[in-house]
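What follows is each chain in one-letter form.
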Amino acid sequence: MEDKKVLFEVKDLKMYFPARGGKTVKAVDGVSFNIYEGETFGVVGESGCGKTTVGRTLLGVYQATAGDIIYKGKNVRDFNGDDKMSFSKNCQMIFQDPAACLDPRMSIGTIVSEGLNVHYKSMTREQKEERVNQVLSYVGLTSDYASRFAHELSGGQRQRIGIARALAIEPSFIVCDEPIAALDVSIQAQVVNLLTRLQKELGLTYMFISHDLSMVRHISDRIAVMYLGSLVELGDNKSIYGHPVHPYTQALFSAIPEPDPYHSWLKNRVHLQGEIPSPINAPAGCKFCTRCPKATDRCKVEAPALREVEPGHYAACHMLDI
Amino acid sequence: MSQVKTDWINDTEGLSPEMFQIVGVDTTKDRVLRPHISYWQDAWRRFKKNKLAVFGLILLVILIFMVIFGPIMAKHSFEETNIAESYHPIDGEYWFGADKLGRDYFARVWQGGRVSIIIGVTGAFICAFVGCIYGGIASYFGGKIDSFMMRIVEILSSIPYLLVVILLSLWLDAKGIKTLLIAMCLTGWTGIARLVRSQMITLRQSDYVLAAKLLGVRPLKIVTSHLIPNTIGLIIVNITFRVPSLIFSEAFLSFLGLGIQSPDTSWGALCSAAQTVFTFKPHLMFFPALCIALTMLAFTLMGDGLRDALDPRQRK
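Chains as they are written, first to last, in my numbering: chain A, 1 to 322; chain B, 1001 to 1316.
Keep in mind that the hints were calculated from the coordinates and are not lab data.
It is possible that some hints are incorrect.
[Stated by the list, open to error] Simulated crosslink set (BS3-like; lysine-lysine; CA at most 25 Å straight-line): (1) B:Lys1213 <-> A:Lys14; (2) A:Lys89 <-> B:Lys1213; (3) A:Lys128 <-> B:Lys1213; (4) B:Lys1144 <-> A:Lys23; (5) B:Lys1213 <-> A:Lys74.
The following block holds chain B by itself, in its conformation from the complex:
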């Protein structure tokens, strides 16, 4: 086994140095011509390619525009009662008709949208904020602290939020945005805490974090420069999926009478009020229900698009 096999080097029969010439190296060819794009630009480029996601985004922009300016555009205030106009049909004066107390339904739908979207968005952000910190701490310390913190998460996520809402509204003696938000956030952050924890644990074992450790980068700097930026995409996607579920929860609770109270309103509260007269005035149910459906659709489509755009593995 000792022989070094070099016979092929000398096997040059029929070859002569004249047959070869140096072609040289063109150093200019190695320059990169494609304009460079950052991570977020790349994500935006891929998001734009997804037609459904762009549709979701446009739908959302329209809905938000209407929610902000709808009550101003209406000819009557959403609180202004006028018994004479009770169940006024749809016409040029009352674009969506009027409700039992003669309030302008167009103004009420968009006013209710404000409450629904505010609850959805702030709720999702609060959940994300708490969940990130909690999941981050659990994964950072690991071991016993991690398993203890995760047991708490399991207990909390096993409590039905309906129960929490009822208990809270009794305890705080108030039904409104604040109670709803507290109740939904109390149990809602657990999902994102789990997600952040598992993502951080995966990232911590990645080669680039190991490389940073070997370079002597401090743990806190690793968290801020590697772990958080690499989790943020996941969190954004989770927020967009969380918003519609919170809007739906709010609608559901208001429908049951546990949510927003009159004269303030939300889409769920409007649906709830409309169900008693559904047979005669179906449009009173139709408009808020359509808004809920469209908002949820918009957020879900956009979330889907964002997930694909922000996932580096989807890159083509």
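One chain only, chain A, in its complex shape:
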């Protein structure tokens, strides 16, 4: 991992939103990680744990409350106009809801060429058309589709248009924000295979946000597990899925459906009690302490820091001290 170039360096990122009654929602509360060029960085966690917020803050949709995002050695806070343009050209996003991410009044061709009009102003109309057809063929659609409208397409096709729109301006990094959650299983496979193929062909870097644990395992090189706005475990695919050390990760992975009813790990499934606490008043100390089967008194007062349990594998748990 060391020889790889760092694309994003995220340091202690915090994203708070104001809530009713002067309270704050701590959607992301002190998250640090690196994303290396050419890898797929998976982010998993329950609904409401801040996965999407991390992705969006990374792309500058939200202004981070605190912490730094360093893109190719430069802090995004210090970006000037040109930096911003090159950042938006290079960093794109694929959305969760394929129905909502396409403007119903625009033809597919217009949607896909939207970014070209911003970043490739010198292109002639013919060149743009050619480019649109090229990206449509990347995602397995014919140029016939350029004159169609979103309502004429199926969910999977719409999602592929969303991917084509992001690809049209040749980005190097794409945040995939639950790109498969709204699709049925056969289409999920289509889209995921498409994403992996494009990564190989175009050398893309992905941040793959999902709550589908099997899919993240399939596609990711490194994985971050989030709980209530914090990272609980971070490591490469093999070590995270092979031997998760954080109790939350263990519980999460034991919830993956198992096709073999006689399989041994069904016997020691971890069943979590209770609901995920609200990010408005998160528990003090370790955020997981209210539901952790191994919680001690220390967990309730002191928040554990992320520590390296083996090279490249980090976890935040007091149990690892012993």
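Go by the hints and put chain B onto chain A.
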């Protein structure tokens, strides 16, 4: 938990490669055969399916035709008085009879329709225009400017327009189309301003606007290419619902004597004049009242159809 379960991959008992063959992929099958239709074509297709809405549209076309050509078709001018023909009954000469001053009622009804429909349509467009700009600005800036602008809207919409009309006609010392229009538009745009504001706020948070932002599209371009086209359907529907209510307001004000003054006329003014002789000459009330009712019905039916046709969620 470390074991990767791959036993099922090797569980191939009774299967051999010969049992499988590659069927291939037919790439021609993926071509779309249905002729493509634009958003507006699709809306028109759905509008046509709605029989009531089409009925409304036809009714409206007939009414507009009559309003334009009715006064020309009549045998007498709408202003031409002829005391000898006072309250002339319905016959081949006076198709709708004549009023107290012997003016041709057929010509007067359609002449009055001109005023009513002009007030309804221009009023609705002025309201829509002002409301769109106001609502758009409020939603674009948001925050304090938005809440300040919306408080103004609340204050304005709480003033009864009747009061405004009376005050305005006193102040301008004139009763007529202009005064009526100013008075009704002064308070009438608030509804559409609210509507546009809320729609724009919803749209601003939509994924495709976010996608456009991430692509680096400038805010003004986002407004013109995403926000306005997606609000226009809503505005059109609102205009069609606004027209009948304005026509009715005009009729109501003219009925009270605050609107159009003789010899010019409108449907409301005709009804007002007819009420004194209603017992003896009920047809003088019937024709303008029927026209008001039909126009309102036509616009409402058409508006209903348009709302269904332009709403993407209604799409089947």
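The hints, checked one at a time:
1. B:Lys1213 <-> A:Lys14: holds, 22 Å
2. A:Lys89 <-> B:Lys1213: Holds: Lys89 (chain A) and Lys1213 (chain B) sit about 11 Å apart, inside 25 Å.
3. A:Lys128 <-> B:Lys1213: Given pair Lys128 (chain A), Lys1213 (chain B) holds - Cα atoms ~20 Å apart, limit 25 Å.
4. B:Lys1144 <-> A:Lys23: holds, 20 Å
5. B:Lys1213 <-> A:Lys74: OK: Lys1213 (chain B) and Lys74 (chain A) at ~21 Å, within 25 Å.
Every hint from the earlier list agrees with this structure, and none is contradicted.
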